[in-house]
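Colleague: Line by line, the protein sequences give chains A and B.
With the numbering used here applied, the first sequence covers 1 to 112.
With the numbering used here applied, the second sequence covers 1 to 112.
Heads up, some of the hints might be wrong.
As the list claims (entries may be wrong) - Straight line, CA to CA, 27 Å or less: simulated DSS-like cross-link-like pairs of lysine-lysine:
id : chain 1 : residue 1 : chain 2 : residue 2
1  : A       : K1        : A       : K68
2  : B       : K70       : B       : K53
3  : A       : K99       : B       : K70
4  : B       : K70       : A       : K107
5  : A       : K1        : B       : K57
6  : B       : K11       : A       : K68
7  : B       : K53       : A       : K107
8  : A       : K104      : A       : K1
9  : A       : K104      : B       : K70
10 : A       : K42       : B       : K57
11 : A       : K107      : A       : K42
12 : A       : K104      : B       : K11
Claimed, not checked - Quick partial rundown of chain B residues pointing at chain A, CB under 7 Å, derived from the structure:
id : residue
13 : P18
14 : Y31
15 : P39
16 : L43
17 : V52
18 : Y64
19 : Y101
20 : S105
21 : G106
The set of hints was computed from the structure by calculation and includes no laboratory data.
We put the beta carbon where it would ideally sit given N, CA and C, even for glycine.
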Amino acid sequence: KQEVTQIPAALSVPEGENLVLNCSFTDSAIYNLQWFRQDPGKGLTSLLLIQSSQREQTSGRLNASLDKSSGRSTLYIAASQPGDSATYLCALVRGGSEKLVFGKGTKLTVNP
Amino acid sequence: DAGITQSPRHKVTETGTPVTLRCHQTENHRYMYWYRQDPGHGLRLIHYSYGVKDTDKGEVSDGYSVSRSKTEDFLLTLESATSSQTSVYFCAISELEDYGYTFGSGTRLTVV
């Protein structure tokens with residue numbers, strides 16, 4: 001069974017800091033990996049999608065990398081802002097399946 | 001999110017009553033999913049559909065049924081609601097090309 005782990009569960013940083021959120025998975029036979037953001041009481045917003053043949057994706061201040069051999073993905077947030085405060089979820093689709101499997105998320109707080 | 005809507009947004013119901021949640025998409029995506037989100041458990045797959053009248057169970061399907069009579073609509077039914085089904089329910093869609101997921105805004109269901 002594919003398991004997705006996100007560490008830490010919560011993170012608090014001062015505004016302006018660069019930070020890295022981690023996601024690890026047990027099965028390297030993945031089809032793609034997707035990072036989402038969830039604000040309190042809201043739905044999930046897709047941030048970045050990395051196909052299995054790719055190693056990274058970038059969008060603005062966000063950069064996500066994928067290393068299948070080590071079973072890891074990282075989400076890098078540059079120059080963090082209070083508006084980045086949210087829960088960040090990592091999820092992946094395993095090869096041969098169309099189902100998304102989620103980690104439990106990292107709750108990020110960026111303090112002004 | 002654009003292209004996917006859930007109804008109702010909030011519902012309070014009594015134990016033992018049937019409840020139906022609706023997911024509607026305008027993207028013509030093949031795959032549709034129902035997830036529930038609970039503290040400590042994250043997002044878990046209830047049921048999914050890979051085409052009209054084609055559905056399958058996820059990891060927490062007991063007590064739930066689904067139907068998909070049209071490409072755009074995916075219904076989740078709780079035949080006899082229980083307090084353990086109090087949760088936030090999310091619908092999602094994806095397509096074969098990249099399996100990138102798009103989520104709805106969620107339905108908050110309370111069973112009293």
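Colleague: Each hint should be assessed against the structure and marked as holding or not.
Modeller: Against the structure, the hints come out as follows:
no., hint, in the structure
1, A:K1 <-> A:K68, "holds, 16 Å"
2, B:K70 <-> B:K53, "holds, 8 Å"
3, A:K99 <-> B:K70, "holds, 21 Å"
4, B:K70 <-> A:K107, "violated, 37 Å"
5, A:K1 <-> B:K57, "holds, 16 Å"
6, B:K11 <-> A:K68, "violated, 41 Å"
7, B:K53 <-> A:K107, "violated, 38 Å"
8, A:K104 <-> A:K1, "holds, 16 Å"
9, A:K104 <-> B:K70, "violated, 32 Å"
10, A:K42 <-> B:K57, "holds, 25 Å"
11, A:K107 <-> A:K42, "holds, 14 Å"
12, A:K104 <-> B:K11, "holds, 25 Å"
13, P18, "violated, 25 Å"
14, Y31, "holds, 6 Å"
15, P39, "violated, 10 Å"
16, L43, "holds, 4 Å"
17, V52, "violated, 16 Å"
18, Y64, "violated, 16 Å"
19, Y101, "holds, 5 Å"
20, S105, "holds, 4 Å"
21, G106, "holds, 5 Å"
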